Structures are given as structure tokens and as C-alpha cells.
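Listed below, chain by chain, are the residues.
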Amino acid sequence: MSKQYDALVIGAGHNGLACAAKLARAGKKVMVVEANAELGGLAATTEFAEGFKASVAHTLPQLTDKLVKDLELHKHGFSFASEHLETLGLKEDGSDALRVTGDTVTGVSQDQVDAYKRYSAQMQKFAKAIAAFWQKKPPMIGDKSWASVSTGIQFGLNLRLLGKTDMREFTRMIALPAQDVMDEQFEDEHLKAVLAWDYTMGNKLAPRSPNNAMINWLYRLAGDASGFNKLPIAKGGMKGLIDALAASATSAGAVIKTNAAVKKVVVDEETATAVGVELADGEVVHAKAIISNADPKTSFIKLLGTRYIDIQFTHRINRTRTDGQTAKMHIAIKGEPKFNGVSRADGRMIIAPKMSYIENAFDSSKYGEIAQDPAMEIVVPTMHDASLAPEGHHVISITIPNVPYKVKAGWETEKANLQSAILNKLEAYAPGIKDQIVASDLLTPVDLESRYNVTGGHWHHGELALDAWWMNRPTYEASQYKTPIDGFYLCGAGAHPGGGVMGAAGSNAADVVLAASK
Amino acid sequence: MLTIDAKDQGNHIDLRLQQSPFFPRIKELCLSEQWTEWNGYQTPTYFLDSYIEYYATRNTCAVFDVSPMKKYIIEGPDAEVMMNRLTVRDVRKQKVGRVTYTVWCTDEGRIIDDGTLFRLAEDKFMLCAADPNLDWLELGAIGMDVTVYENSYDMAALALQGPTSCALLKKLGFTGIENAKPFDIMYFPFEGGELMISRTGFTGDLGYELWVDPNDALALWDALFSTGFEYGIRAMGDESLDMARIEAGLLAPAVEFNSALHTVEFRHDQTPFELGLDWMVNFKKPSFSGREALLKEKEQGPKWKLVKLDFEGQKSAQGSLLYADRKCTKEIGYVTSGMWSSVVKASIGYGFVKAEYADGPIFAEIYYQKEMRWYQKVVEGRKHEGAFWWPDRARQTPPADT
Ligand SMILES: Cc1cc2nc3c(=O)[nH]c(=O)nc-3n(C[C@H](O)[C@H](O)[C@H](O)COP(=O)(O)OP(=O)(O)OC[C@H]3O[C@@H](n4cnc5c(N)ncnc54)[C@H](O)[C@@H]3O)c2cc1C
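Chains A and B, in that order, give the protein sequences. Position one of the first sequence corresponds to residue 1 (this note's numbering), numbered consecutively onward. Position one of the second sequence corresponds to residue 519 (this note's numbering), numbered consecutively onward.
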């Protein structure tokens, strides 16, 4: 059978594109097929109202310098609209927002400022100790290859190099609930809530949930494209980054096809090897490596088909927790938004006055209900990039955690309920804003699922927690981008290191495919 | 549908054993009042004397109530695909109207259970196993376009085994049954409904299994026992069945193997290669659950081996430890099943031994009692290939009338 391509990537999410670019730049003949009309998946930029553009993911805390350099993204048009957004803890009473940036914080007492400095220094140490591991394929138990063994040894060594006290602290803190970490470090309730924010984002977790906290937070700190612990946004919106990734791939010869959903992976029945894909229109494309950017459940159960994989392996994939917990709302407004206690709405604004506020919203979601006091993360990208809205207008991009995938009363009615809860809260912190609204677009986890072809609409394509991390992401026997089926690979957020716009899964997967083709 | 619901029984503490649709007749005949439990059913250990019942399977015919057996239906467009992946044999080759004996394994290639797979239609199978397997079937159905359900309570079944079984069925009017080849399925009208008869069984002799609507169960029993009188029919219990299956070279769950889903100790379960079921594992199938692990096992060889042994002397070796030398200095395994076989006229059994000793001499250290006093002796067990008892009539179609 003649192979049309060396590699075929299913899905043009940023990871699929990063994978394709890396492979194409290494001389491979690559095709990318994307179900949607737009590139980028959960980082795609859509025009949600005439002249107003926004994306589901809005900030780039995890983007790495290495990816930008490896794929020459600057050359292909990528740049930052802002290298860093300050994090602002909004106050409902109109007093000055609490401001966090780098290792400084304002709006809290001096002892809290000092505590934050100490905390930042420690987190930076931890983050550095494990930083390298996001960029490497994880080791595998039973895998005696040097790459596997050395990664394991190095991980241990890096932790050891932290020094005895810090290493012990690391192992103590790694699975603590965010609330415990915050309570032992700080007094200020608002500061705690703002700092706990990134510990749980994207997952079905809240400050009190165990088995999570620091992994998620340290992961958020993995990016260094604009410096350590920075929160950059791309010029031209996420589209700026996605277009650069696509250009990096196509300039090296990769072919990208949109509106081309893969119906199934074609498997050679004699050898049980993945040899191609069949598109929705019946076209079959053959390739030596089939690399899926789709989430693991979609990849194995829908596209590959469970007939080719073992039962317990299938069961583990089927059990990955994929119910999304985060919603998105884009709002088009006339004029500039004005938030209480903030002179310019140019930071990342968080509505979460204390940790119990987040926890209460989480409690509602746990029981399939809509929280009437939602916690929210608000960014106004147009404050940094006017190209995303018509003149004199702005786009408000809101991320809402603690929104259940399954709602008891059904999304037909609850979507309006969620929308009014969000808008009411927004109005409380930015009085008068409701009158400025010209259009809006609310995406519940269920909407995200159907619009972006991601099971559960999950931020990470499946919870990022200790049981689904590193050697176990998405599960053992598929944690090195390879799968039990020859020729079939994973390259999306469901693989190590997880989601967030980072490109590490895509890039690591490309390394594995390249190594296999040698 | 006959449902047996704990709630119907009123009191969850006073949860009695269930009784099969044949129970009223079984109870009448079970003079011994010796009962055992099987899948929650009250099952006779023996009716009067297990040897008499066993002789019936070898000389006339005997009936064993297999209603407590777990029966599952797998139905839908992916039924073949699902069963082909779940079991180790090539189900694509199994024709409609045929039964196969098969096993299914974990991803690590360890046996979960064995059973018989009935192909009822292109897109419909029935899986019969001695133990519950619904959980595993449901896992096996993930991503498959199939419906899986248990129909244990919707089907009563009797095994009719022994040299006169075919003749008796013919006499009952099931004309054409003599043309059923081993592992064939046939259907006959019965009591206004349908009776499914498969030429299958657990005795290694000529025999059939009769699958009937529970509402017609007693009618079937009565027909068999009235007409069967001339054919020497007898009801048989658990003990005699066990003797017959050992002679026949058949494996018993929780005796020769331990379900991999239930073992606690590492590797206290078994692989098909360890049990000598190599012939069954079809590596021509590109994918089935456990394939990769089993391929590795095939290449490296199993760690243990089940061997059939013919022991010196007359004492049953049941429960003995096995050694590589007569002095019993090198322990190499144990006897899983042993008996004195009157048809083979030998002390026979199965030994489970470490693979590296399977080809060398094997000795059993037997403890036995005479009028309460214990004795010990060491006997050699010679390896035996194939079943100990597999008469021509078990293979002939049509079988000779006896
Ligand atoms: C509400 C929300 C807010 C977020 N905010 C941020 C943020 O601010 N910063 C951040 O860094 N991260 C954020 N994230 C996370 C981030 O967006 C994702 O983790 C990341 O975009 C995943 O990238 P990916 O390439 O792995 O997968 P995806 O972006 O999901 O791409 C997968 C692609 O595969 C395609 N596909 C699937 N099936 C098929 C098929 N059968 N045929 C063809 N194509 C197919 C899909 O259409 C899609 O384009 C957010 C996530 C959510 C849900």
C-alpha cells in the first residue's frame, strides 16, 4: 500500500499544529485534517459578532520560549500584544483592586506582601525543579530504555537538588488542597482566593479538593515565553499564535485541510496497524503515522474503535474524567468597560472575594446546579489589541469555572440562568456595563464539546490530577504518545503534560514519531 | 420472564438459596438431601449415590440441571466483533448454529473464565459460563454497537449425558437429533414453544444440553424421566459430574484455574498456555484482549503447566503435592483434581507444575486413610496426552444406538 504521507494529524488544535510543524520542519510529509472551519480548536478565534473576535483560551501563561524558537513562531508572525497582564482581585465595594504581579502584591498589609514574596520564591524553586519534565516524554514502568530511566532519575535528582528541606516540603505540598496551602501561608482572605485561582482552573476542583493543587499551579508556571510567572496575550488574539503555528507547518510543506472531520482511523486488519484515516466524505488518506489531537476518549473509542485495543485499557480510557467544568462567555460592548477600583481594565480581573466563594460555586456545580454567585476571570483583550473589535468597541472575555457539564434542570433552561448570573455579577463589579452590551456568546461545557469536538468540553481533555499525570496521562500504556496500536499516536491535551496553550504535547509527540521513524 | 428479586422474598436477612425451575422434581428425587450452592441456587451434591449417577453417564444416561449456569446474550451489529475481541478463538469462523468452548483473558493474558459460546444468528451470541461475567461483558461492550444482557432466568437447561441419550431424544420425537454433530445446535417444537438442543456437555461422553423456557421445564423433565425409564435415565449431582469431567479432560473453574479478576496473590491465576489451551489461542486474529501479553508468553513459554497424570496404584492423588524425585526433596507443584477412575481403571488427575519440571519425572506424595488411620505413599505420575475418556460414540454422527 502506498503511503501518501509520513504523518497525518487528526485535528488542528494548537497541539496538532505544533506537532505538524515540528514534523514538517524535520522533513516529513505531513497532512493535518481539522473538522472545523477554523484552526486552533479550543484556542481558535471566532468572530462571534460582526467585527468582534475572541477565543476560548485567552491568555498564554504556559507558552514556552523553546516552542517559539523551535518552530520560529516570531518569523511566522507571532508576537505578544502584552507580555504580561497583572492579576487584579476586584472588590465589589469599589475600593482599589488587589494587584498581583511577579513576586509583588499591592492592596494588602505589609506582612502579606512579605509572605507573598516568600511564597513566590518557593514556588519558583519548585517550578524550576520540575520545569524540564513538561517538555519530555514521561518514563514508563517496565520501560528500560535510557530515555525513560534517565527521565525518572533526573526527576528524583532535581528534587534532591532542591535541598532536603525544600524537597520534603515539595513532597508534602504536592497533593495538598489549595486551601491548605493558602491558609498556611497567608491571612488575607481575598489574596488567598486570588492566588488559589490558578490551582484549580480547568479542572473539576475547588480550593478544598484534595489530589491536585500544586501540580496544576506549577504547570501553569511552566511557561517562560515572556518570562517566569507572566501572563501574556498574543497579538491578533489567539489567532496570532495559531496562524504562526500553521505557517510554521505549511512553510515546511505541511498540508492543512479544514472542514475535514475524520470519521475513523483505518486499521490494517492483518497487522492491526493504523495506516490512514477515513474522512466524513469517504475520502481515505494513508500515512505511516496517525497522530490524534482529539481527546483520548474520542481518539480511542470513536476514531480508532475499541475492537483493536484490550478491554482493560479501553476501560481506563473510558473512565478518564472528562466532564468539563469551565464555561466561556464573550461579550461585545460599546465603549470601554469600567470596573470598580480599576483605572484601566487591562489586567486579568478575578471575581472571587474569598476561597469559600469559589467553593460555594463549586458546591452548586457538584449537584448539577448553576451558582448564582459565579467566580469569574475577566480579560479585555481589546485593551491591548484594537484589531479584535470595531473602533470604539471592546471584547470582554470571561472564563467561568464551576459550571457543571451535566445540569439537573437541563441546559435548555439553565443556559439563560447561567447567562443572567454572569451578567448580574459583572454588573455588580462594573456598574452600567449591561447597557453597553451589543452582542454576546455563552459557551457551556456542552457547547464547547459540540463546537470543538472535545469530549465533555474539558479544558485538559480530561482531568489533570495526580492519577492522570505524567506516567499515567491519559493512562499507562498510552503515556508516551505511543498507543497499543502501532502507527497510532496521541498529541493533544489528554497526553502529557496536559492542556493549556503550550504546545508541549504536540511537540513531544513529534519527537516520539520522529524517533520511531528512524 | 422469571425474575428472582431479593425484594420479593420480603426479608433481606432470610435470603434463601434460589431454586431452579426443575427443583420440585429434583427435591423429590434427592433422597440424600445433600445440597450445595451454585450461583445462588440450591444444587444437589448427589441424589442417592454419586457412583451410581456417574455410572449412568457412562452406561445409560444421566441428567444434570445446568439452569444455575450464567447465560448472556450479545446481540447487535458488532456482536461478532465484540466476541472476537473478548475471547481467544476466531469467532469469525464460527458458523450460525455452532457452539465453541473458549476462554477470555485480561489485558495481561490471564484467564478470567471459560465457557461455551453459542452462535444463535449472524448478529447474536449466547455465552454460557459457570460463574457471573456480566461486568466483563459490559466492559467488553464499550464502544461496540451491541446489547448485552443476562438471560439466566429466562432459560432453564438440562444436560442429558450418556450412551443412551441420543436414542432417548429420538424416542421423545426429536427426530433428526442424531444428525447433530458435536457442538451443533438444533431446534425442536416443544409444548407449543421451542426447545433448543446442543450437542454439548461436560462429561466427554455422548450427550446433549436442552435449553427450555422455564415454564416448560417440568414438562421436559417429566417427558425425559417417563420415557427415559427404559433408557436407564438418572438424575445426577455435582459429585458425579466432577468425576465425569476429570475423565474427560475438562477443566473446572476455581479448581484448575482461578479467575484473574478474583485472585489476590500475584500470578495465582493462569494463562491459556499454562492450562494447555495453546491450540485455542488464535494469533491469526490481529487483535483480541490479551493478545500482546499472550504472544510474549508464547515466545517465552509459560511458567507453569497443567499436565494430565496417570498415577501408580489405586489411591486418588487429590490434594497431593508433586515432586521431581521419589524422595520428595524438590517440590514442583500440586494436584488440582484426582480420582480413581473405574472406566479407565487408573488413578488419574491433573498436576499443575512449574514448567521446567513438566517434562521430567513427577511424583505425588499421597496421604490416605484406612479405618481412620493415616498413611503416606509416594507414587509416580506418568504423563497422559489427551482426554482419559473419550469414547467413539462421543464423536460419531449419527451416534450408534445402544
Ligand atoms: C473555557 C476554557 C478556557 C480556557 N482558557 C485558557 C487560557 O486562557 N489559557 C490557556 O493556556 N488555556 C486555556 N484553556 C485550555 C486550552 O484552551 C486547551 O487546553 C488547549 O487549547 C487544548 O489544545 P489541543 O490542541 O490539545 O486540543 P484542542 O484545542 O481541543 O484541539 C483539538 C482539535 O481536534 C479537532 N478534532 C477532534 N476530533 C476530530 C475529528 N474527528 N476530525 C478532525 N478534527 C477533529 C477539534 O476540532 C480541535 O480543533 C481553556 C479551556 C477552556 C475550555
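Check before you lean on any hint, since a few could be wrong.
Said to hold, decoys possible - Some chain B residues judged to face chain A by a derived CB distance under 8 Å, without partners named: (1) Asp625; (2) Leu657; (3) Gly661; (4) Met662; (5) Val862.
Think of the hints as simulated: they come from the structure by calculation, not from any bench. Since the model is a prediction, treat every value here as computed from it, not as a measurement. All C-beta atoms, glycine included, are put in the ideal place defined by N, C-alpha and C.
Those earlier numbered hints the structure runs against, lowest number first: Violated: hint 5 alone.
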